[in-house]
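Visitor: Sequence lines, in order, name chains A and B.
Heads up: the first sequence is residues 1 to 740, going by my numbering.
Heads up: the second sequence is residues 1001 to 1169, going by my numbering.
The hints are simulated quantities; they were obtained by calculation from the structure and are not laboratory data.
Derived lysine-lysine pairs resembling DSSO-like cross-links, with alpha carbons at most 27 Å apart: (1) A/K726 - A/K661; (2) B/K1030 - A/K247; (3) B/K1040 - A/K661; (4) B/K1030 - A/K415; (5) A/K247 - B/K1040; (6) A/K628 - B/K1148.
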Amino acid sequence: MSLNRRDFLKVGAASGGGLLLSVALSGCESAPEDDKSWAGDDFIPAAWIRISSDNAITFYIDRSEMGQGVSTSLPMLLAEELDVVLETVNVEFAPAHPRFDSPRLFMMMTGGSTSIAESFLPMRRAGATARLLLINAAAQRWGLDSSACTTNKGRVMHPDGQQSFHYGELASLASTLSVDENKVKLKLPSEYHYIGKPIPRLDNEIKVNGRAGFGIDQDLPGLLVGVVIRSPWFGGFVSSYDAENAKVMGGVQGVVPISSGIAVVADSYWQAREATKSVIIEWDKASFSGANEGDLRAEMQALAGEKGSKLLDIGDFEGSFSSADKTLAASYRVPYLAHATMEPMNCTARVQKDHCDIWVPTQAQSSAQALAAGICGFKLEQVAVHTTFLGGGFGRRAKQDFVVEAVETSKALGKPVKIIWSREDDMQHDYYRPPAVSVLKAGLDSNGFPQAWFHKMVNTSVVADSLEGGLLAGMFPGWVPYSLKDLGGDLGAKLVRNTNEPISTEGGVDIPYSIPHQRVERVKFNFPVPLGFWRSVGHSHTAFMIESFIDELAHLAEQDPFQYRLRLLKNKPRHSAVLERAAALAGWGAQVPAGRARGVAQHSSFGSYVAQVAEVSVDKSGGLRVHKVACAIDCGQVVNPDIVVAQMESAIIFGLTAALKGEITIENGGVKQSNFHDYPLLRIDEVPEIEVSIIDSTEMPSGAGEPGTPPIAPAVANAFFALSGKRVRELPLSSEVLGS
Amino acid sequence: MVTFTLNGEQVALQIDPETPLLWALREQLKSTGTKFGCGKGLCGACTVHINGSAMRSCITPVSSINGMAVTTIEGLSESNSNPLQQAWIAENVPQCGYCQSGQIMSAAALLMKNPNPDDEEINRAMSGNLCRCGTYPRIRRAIHRAAKNAASLESAQNVRADSHGKMTP
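Could you build all of it, start to finish, from the sequences and the hints given here?
Guide: In structure tokens, the structure reads:
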């Protein structure tokens, strides 16, 4: 990667003296005057290193902390090269600004397991450049050549070993200097002090005493609290409403119609919530209002019989299939899923005459800013996005419906308003992981290995739905009028619906197994249920289907499922390595305790490779019990191994919750489930022992937040087959499904 | 008027008596460490101690705790000195962190009654607390770690004395 200085960094003086260093991750340098309008007099830098004269060092990180550890691992990258003690650095969340758009996502957004992969080099180069500037400043002060000076934990050291300056003393001078880009050298792996070490999370302290600030905790002088009554079916609008009784209830400050329904605003949440019971609303009968789960399933099943559009056609599938020694065909399905973050959706907005502030737990600052600007009729720079800690994200907070609600309500009342969703609101107005059906066929040769592979995916477009939801608005420059952005989103959605956007089929097209004749097709459907990105997105269903079917083929061929996969992956060293590591960790092939069996699966996603072995039994009530999971991951160079282990544990439990329990169903055009009693999550007494092993690697870092989720459902379903001889081809693996 | 003690301090609230304690804590008393998760006592994010027992504040009307002693995460210790907080940090438990106040308060109530719980006892005490990030394996390790720490006994007793000792009639 070659970066010239203008593309890469910008050095400037901080107000009050000091060094500011920006990291333009996308390589798009914005004009300095733009910075002034964005920052005002108080400089609030984003993804910058700020070193003040008083030696305060602040890192402004451009990614949202939703549990995945970026507020520890990104500062580790900066501290590594800047040579400062990590624990002495202040970490703050950056405001929305185009400078910090993700180069892969084209906007300021946290998602797609991209944070470390995208930041690994730029963040380090920023740290290394700042360090060199500080060395140059010290050398100038001492009248020495800079090559004679070194640094040690936030100080530049004189060659005499006695004199030194702390960075703050050099910040003002350093901000006036320039640096020869060719002299910026990154550390060699053998020199790493932080990278690769299990550094404790920097947010631990405030997350064990209740002091971490989540969106729902935001307070402001005169802040009101709003709750929104939304349509009982998707696509419904308010025909008429009567809020006269609600308006006179204790604490109620206003009842206003907004685009998603009726907002009831009071001095406190409880007052607002109580008052909603007195609002009478007539909803229009949208066409979807009568739809039920059975209708949707029947339609998907019918579509599974149609010929799909071609995604992949190599070799001669028909010829190979018809001459195969043995053949197998099977059909799989997965349901809608909700995200169910522990912190319900919320947003605080303060719309004033010429400025709007929003405090929000969001994964998509650009979208939040653009949507708020559109509602207010403001330019982007008139909207300040203050990102809080996120009480879980998992893709849900990539959508900004809660921002729209808060901004519309605050604008209507002219007062600061915090919109808080109930758990029922959250469960019934999510952007769901879509259902999917797959039809798979394979033909085996006389040795039992597949020569012919057919996969027809019946699914829908998450991306198209997101474009209609205003996601794209965050990708346009600030000068594009909001109406055009909106139109662009709708046009984009139409275009995407007519193409085979890869996100809904990811993991299903480019399978790693060596099979000479393959055809992959897709049939699309489009129900008016809102769809979103759900931890591992398309991989969350394609892995279940492919890894279950490969397992079926291994059993048909009467071969060991682990050895069978290994043989089909013989030219895939990274896939093979995780598979072998997970098998070794689990003791694959060794005796299993009585009444238990093991299953294996591997899947690659977000640039990383994961294999898992699950050990299961069936309890007296017929429920599946997962006792142990062995997991191996190769995500390239690891920045913080304990955070990677934690992400594997997290992703496995997230995927296991879906595999064993997760199901959202449609009833009368809306979602039937409403809270944790009917959308249960895995509890502490249900989690397996999890053992994680990380492959040593010096490859570029790849994702860790999502890749642990896809393999667990097939590993468990495959283990259940090994135990019972019964193949389950739908999720969740509930006791009803297992016993049927 | 509803009166109770919050982390040892006497408080008096003019409030709709049906208001759940959770919202009185979060909005009237600006004590936001206790979290809203489900509103139905199904997830444990709102767990506090009432007279020393772990309770779900989202389904506890303030009128029902008149005169009682409430301890929240903010009252568990000064500067994270409680052995559970220390163990949580040592095991790197938190991810998003949202449920952890409730988890720690449930664990603290467990250790007060049972200073050295086994896995089964941890399951029983902690299965009402959901964590969507899946920090459960570390929560279990952290509870064991805190229990092993001899100081945990002393400190748990201090919390108990606190809850009961400052109770008002």
